[in-house]
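**Student:** Listed below are the residues making up each chain.
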Amino acid sequence: MTDTNKTTRQVNVTSKTSVSVLFAGDSGDGMQLTGTQFANTVAVHGTELNTFPNFPSEIRAPAGTIAGVSGFQLQFSSKPVYTPGARFDVMVAMNSAALKANLKDLHRGGIIIAGTEGFDEKNLKLAGYPEGANPLEDGTLDNYIVFPVPVLQLTREALKESGLSSKEVDRCKNMFVLGLLYWLYTLPLEGTIETLQTKFQKNIQMAEANIKAMKAGYYFGDETELFANLGRFDIAPQKQHGVYRRVTGNEACAIALTAASKKAGLNLFLGSYPITPATEILQTLAKKKKYGVKTFQAEDEIAGIVSSIGAAYGGALAATNTSGPGLALKTEALGLAVILEIPLVIINVQRGGPSTGLPTKPEQSDLFMAMYGRHGEAPMPVIAARSPVDCFYTTYEAARIAIEHMTPVICLSDGYLALSSEPWKVESPDNLVEIKTRFQPERKPEEPPYLPYKRDDRLVRSWAIPGTKGLEHRIGGLEKQNETGNVSHDPENHELMTKLRAEKIARIADTIPLQSIDNGPLKGDLLVLGWGSSYGAIKTAVEQALEAGQSVAHAHLRYIHPFPKNLGEILGNYKQVLIPEMNSGQLIHLIRDTFLIAPVGYGKVQGVPFNEMEILAKITDIIKEIQ
Amino acid sequence: MSDNDTSIIAAPVLTAKDFASDQEAKWCPGCGDHAVLQQLKNVMPELGVTPENIVILSGIGCSSRLPYYMATYGVHGIHGRALPMATGLKVSRPELNVWVATGDGDALSIGGNHFIHTLRRNPDINVVLFNNEIYGLTKGQYSPTSKVGLRTITSPSGVIDQPFNTAALTIGSGGSFFARAFDRDGKYLRSILKRAALHKGTSLVEIYQNCPIFNNAAFEAFATPDNKADHTVYLEQDKPLVFGKEKNKGIILDGFTPVVVDLDKEGLSTSDLWVHNEADINKASILARFADDHADSEEFLPRPFGVFYAAERVTYEDALTAQIKDAQKNGFATLEELLKGESSYVIK
Chain A
1 MTDTNKTTRQ
11 VNVTSKTSVS
21 VLFAGDSGDG
31 MQLTGTQFAN
41 TVAVHGTELN
51 TFPNFPSEIR
61 APAGTIAGVS
71 GFQLQFSSKP
81 VYTPGARFDV
91 MVAMNSAALK
101 ANLKDLHRGG
111 IIIAGTEGFD
121 EKNLKLAGYP
131 EGANPLEDGT
141 LDNYIVFPVP
151 VLQLTREALK
161 ESGLSSKEVD
171 RCKNMFVLGL
181 LYWLYTLPLE
191 GTIETLQTKF
201 QKNIQMAEAN
211 IKAMKAGYYF
221 GDETELFANL
231 GRFDIAPQKQ
241 HGVYRRVTGN
251 EACAIALTAA
261 SKKAGLNLFL
271 GSYPITPATE
281 ILQTLAKKKK
291 YGVKTFQAED
301 EIAGIVSSIG
311 AAYGGALAAT
321 NTSGPGLALK
331 TEALGLAVIL
341 EIPLVIINVQ
351 RGGPSTGLPT
361 KPEQSDLFMA
371 MYGRHGEAPM
381 PVIAARSPVD
391 CFYTTYEAAR
401 IAIEHMTPVI
411 CLSDGYLALS
421 SEPWKVESPD
431 NLVEIKTRFQ
441 PERKPEEPPY
451 LPYKRDDRLV
461 RSWAIPGTKG
471 LEHRIGGLEK
481 QNETGNVSHD
491 PENHELMTKL
501 RAEKIARIAD
511 TIPLQSIDNG
521 PLKGDLLVLG
531 WGSSYGAIKT
541 AVEQALEAGQ
551 SVAHAHLRYI
561 HPFPKNLGEI
571 LGNYKQVLIP
581 EMNSGQLIHL
591 IRDTFLIAPV
601 GYGKVQGVPF
611 NEMEILAKIT
621 DIIKEIQ
Chain B
1 MSDNDTSIIA
11 APVLTAKDFA
21 SDQEAKWCPG
31 CGDHAVLQQL
41 KNVMPELGVT
51 PENIVILSGI
61 GCSSRLPYYM
71 ATYGVHGIHG
81 RALPMATGLK
91 VSRPELNVWV
101 ATGDGDALSI
111 GGNHFIHTLR
121 RNPDINVVLF
131 NNEIYGLTKG
141 QYSPTSKVGL
151 RTITSPSGVI
161 DQPFNTAALT
171 IGSGGSFFAR
181 AFDRDGKYLR
191 SILKRAALHK
201 GTSLVEIYQN
211 CPIFNNAAFE
221 AFATPDNKAD
231 HTVYLEQDKP
241 LVFGKEKNKG
251 IILDGFTPVV
261 VDLDKEGLST
271 SDLWVHNEAD
281 INKASILARF
291 ADDHADSEEF
301 LPRPFGVFYA
311 AERVTYEDAL
321 TAQIKDAQKN
331 GFATLEELLK
341 GESSYVIK
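If you read the protein sequences in the order shown, they are chains A and B. Letter by letter, the first sequence follows residues 1 to 627 of the working numbering. Letter by letter, the second sequence follows residues 1 to 348 of the working numbering.
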């Protein structure tokens, strides 16, 4: 018999389809850990899940202030979910700043579990409430269901004989809250108990204290009268049988690079410089040494990409990862990779810009830079991931295109995908598409000279790696003579090479899948065309619009350069096209430019992802206008 | 064919010509780069490495055109970035013989950051730094090694920047090998290049290279037979520091201060002198400072040539390979394990 069955009182359990929960507190309150543990538990339970952490860029912003608020939002559901929820149903607020910062996104009538110690005079002042005002007492929260819980006091009581210092005891308060939420959603404690035992392997006292605090939270729910009217909830698991794992977008990128290297029969090399929010890709790959992965933390962004170019020349699957300011630093080297025509994957995890901008917040504002941000004419494939799990498939595809087409490829993610997570049914190696690596074979002395820039029918040149006899050749950043690769300043040759480089990229369209309609009719009033992390919000909004009987469809682009061959035809099947983007309108320029149509743009540049309600409202407006 | 069979087939004897590409060197007539290229071709056959296993990388500048003229693998990269490219290549292909051709602007100005970090990491690459104390390819602007007061097109009133001291910078960055040579002294240059090639770790060879067009005779004090003997000291392992036309001058260490002594006048013998020891980083640091003094000052010290410092230190790629081997000691991980991860769960 497990501990969680030790209920003392009958409490009504209500079944629900979906719930969105926000854990919010001070950066030091351990909300990320609490949210992650909760997410792991619901994932293992088998519900659908989407998570989104939201934290300040400062490591330790002043405690108790709005700037220091750290949040972890997740939606779990009996049906597929694609966003963490436009608004949350439940908010855990460990202090008054957390409440103040997030109240606007709580559904009216939503539940607030407030740690009362975070609402003392000092905390209220730090959060900027006027003197004497306390939202827990002054009627501010009349439209919500509020449960004030003295979390700190109850944690201290539970751990009074733990032998830990008072500071250590206080740090366990997040586990108390976690236990309470497990009770509320009838979830088991076992997974977290195991995690805590592993995490504090060398400090059993600490492991036991955390477990005890969590159980105390669980029993508190059971024993207190506080929740008698509300009762408990149950979100029925719906996942199909199988083996799953939970991945963030950044983890998925790292796994994909490793998987692609294995499938291609190459060694993986990542040259990288830490930058938010892309760093976890480097961190994850640094731990993949048993797969033979080599990571190189370079002295700067430039050395990151240039070391990868060196590795690619040597025959590795080479990659570099970065975010906007880092991509800017890498642009000269991108030009080199284009003219060398060697495989290279550049993962750009976009964040709010320009300059340092909003380092921890997502934006889709690097599309122009990915497309055009180079000197000279330097075309390069650009593809974009739509969800944390899709970061795997898109990065894998970037590696395939790079290797099979001998070109650098920009793979776009963003800060939202990077840190969000969702369950992923573990992929079988056999389901991954083959990646064909073709090294140029040795040349015998009697054979004609090796021509490094001779191309096949896809205009792809050969990959001749050092160590191969008879292929010794010199290439570089200076313009090359067609086929021989020798330095050439000939005017006609330069124009020819410029065209060949562009046509080579254009021909990739012959090898990529046609664009599909994600949802909705193949012809109709409105097509919502998205790219990147807005997928979940658009998907959910279009589902709702379709349920309301509107004539709307959703297409989501993975391939931005080159576009899928049938995209123009698809765009022509709708009376209007709506392009929501987390920028002031970048894809819309490319679409207008390429297809000479006039779509409607919808930009959001707030460092915050779209939510489904915003997009649904826009869809409804446009359809009204059309009709 | 077994390993034994291959060992009895004698490798063809290669000559300098086998390392010459079909491209004509396009440096100015009289440029010191021609001499360095020739010595590099000369030394290659002595290394026992076949051309397909040699890669020469470079950045931008006159000297960075060098890869085009060698019949090995090569990449002419972007300004200042040859060192990280070499590191990436060496880390992913440790068995290759990797060289970098660079200049004072490429290595010490635009590539300065890569220079110091590459040296401290110590990948096993050979860096040949052509120092002509000027920007040649962009036509005559001062460089980070130009002497104070040098009048150039961008310093019409004279350079006011303190120049870099390549030797001190190399040693200060944690480099494991520093040597200096001279373009005109072919045989000596060749011997130094060979030493550098055989050094395991990053070897940095600074070559005083004359630019006849924009900074002619910058190193004249060390070049003409008249000047050379009194202005240079050639370093030899375990040998005292003796120089001068009559071999009658020496250097002693007075505490940490090097002092020139006259062996004839001061009743000293060579056994009293500073004995060169490549493994001694403190002495190497003092030797590096010899370049700071002006020939006409009372503290004049001759300019050292040869191997200042050579230390055995683990290379970056060996250290990384060891970590990977250690991670794989319980067997190689499969793609299936990768995809499954370490925290997967089963939904029944």
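Worth flagging that the hints you see were computed from the coordinates, not collected in a lab. It is possible that some hints are incorrect.
Unchecked claim - To give an idea of the chain A side of the interface with chain B (calculated C-beta under 7 Å), a few residues: (1) Tyr244; (2) Ser307; (3) Ala311; (4) Ala328; (5) Asn431; (6) Glu472; (7) Arg474; (8) Ala617.
To be verified - Below 27 Å or equal to it, Euclidean Cα-Cα: the simulated DSS-like pairs (lysine-lysine) are: (9) B/Lys17 <-> A/Lys469; (10) B/Lys17 <-> A/Lys436; (11) A/Lys287 <-> B/Lys194; (12) B/Lys325 <-> A/Lys444; (13) B/Lys340 <-> A/Lys469; (14) B/Lys194 <-> A/Lys469; (15) B/Lys41 <-> A/Lys202.
Stated by the list, open to error - Simulated DEER-style distance windows between Cβ atoms: (16) B/Arg289 <-> A/Glu492: 53 to 59 Å; (17) A/Lys122 <-> B/Ile281: 32 to 38 Å; (18) B/Gly140 <-> A/Glu495: 28 to 34 Å.
Ideal placement from N, C-alpha and C gives every residue a C-beta, glycine not left out.
**Student:** Could you check if A/Ala311 really has its C-beta closer than 7 Å to a C-beta on chain B?
**Tutor:** holds (4 Å)
**Student:** Taking only the CA atoms, is the gap from B/Lys325 to A/Lys444 under or equal to 27 Å?
**Tutor:** violated (35 Å)
**Student:** Measure nothing beyond the straight line between the CA atoms of B/Lys340 and A/Lys469; if it is 27 Å or shorter, mark the hint as holding.
**Tutor:** violated (40 Å)
**Student:** Between A/Lys122 and B/Ile281, does the beta-carbon spacing fit 32 to 38 Å?
**Tutor:** violated (56 Å)
**Student:** Does A/Ala617 pass the interface check with chain B, least Cβ-Cβ distance below 7 Å?
**Tutor:** violated (36 Å)
**Student:** Once the shortest beta carbon distance from A/Arg474 to chain B is found, is it less than 7 Å?
**Tutor:** holds (4 Å)
**Student:** Given the hint that A/Lys287 pairs with B/Lys194, test it: the Cα-Cα distance must not exceed 27 Å.
**Tutor:** violated (38 Å)
**Student:** Verify the proposed pairing of B/Lys17 with A/Lys436, using a straight-line Cα cut of 27 Å.
**Tutor:** Distance ~37 Å between B/Lys17 and A/Lys436 Cα, so the pair is violated.
**Student:** Would you check the hint for B/Lys17 and A/Lys469, treating anything up to 27 Å between C-alpha atoms as holding?
**Tutor:** holds (17 Å)
**Student:** Less than 7 Å between beta-carbons is the criterion; does A/Tyr244 satisfy it with respect to chain B?
**Tutor:** Holds, about 6 Å.
**Student:** CA of B/Lys194 to CA of A/Lys469, is that 27 Å or under?
**Tutor:** holds (24 Å)
**Student:** Taken at face value, is the distance from the CA of A/Lys202 to the CA of B/Lys41 at most 27 Å?
**Tutor:** violated (60 Å)
When each numbered hint is compared with the structure, violations occur for hints 4, 5, 8, 10, 11, 12, 13, 15, 17.
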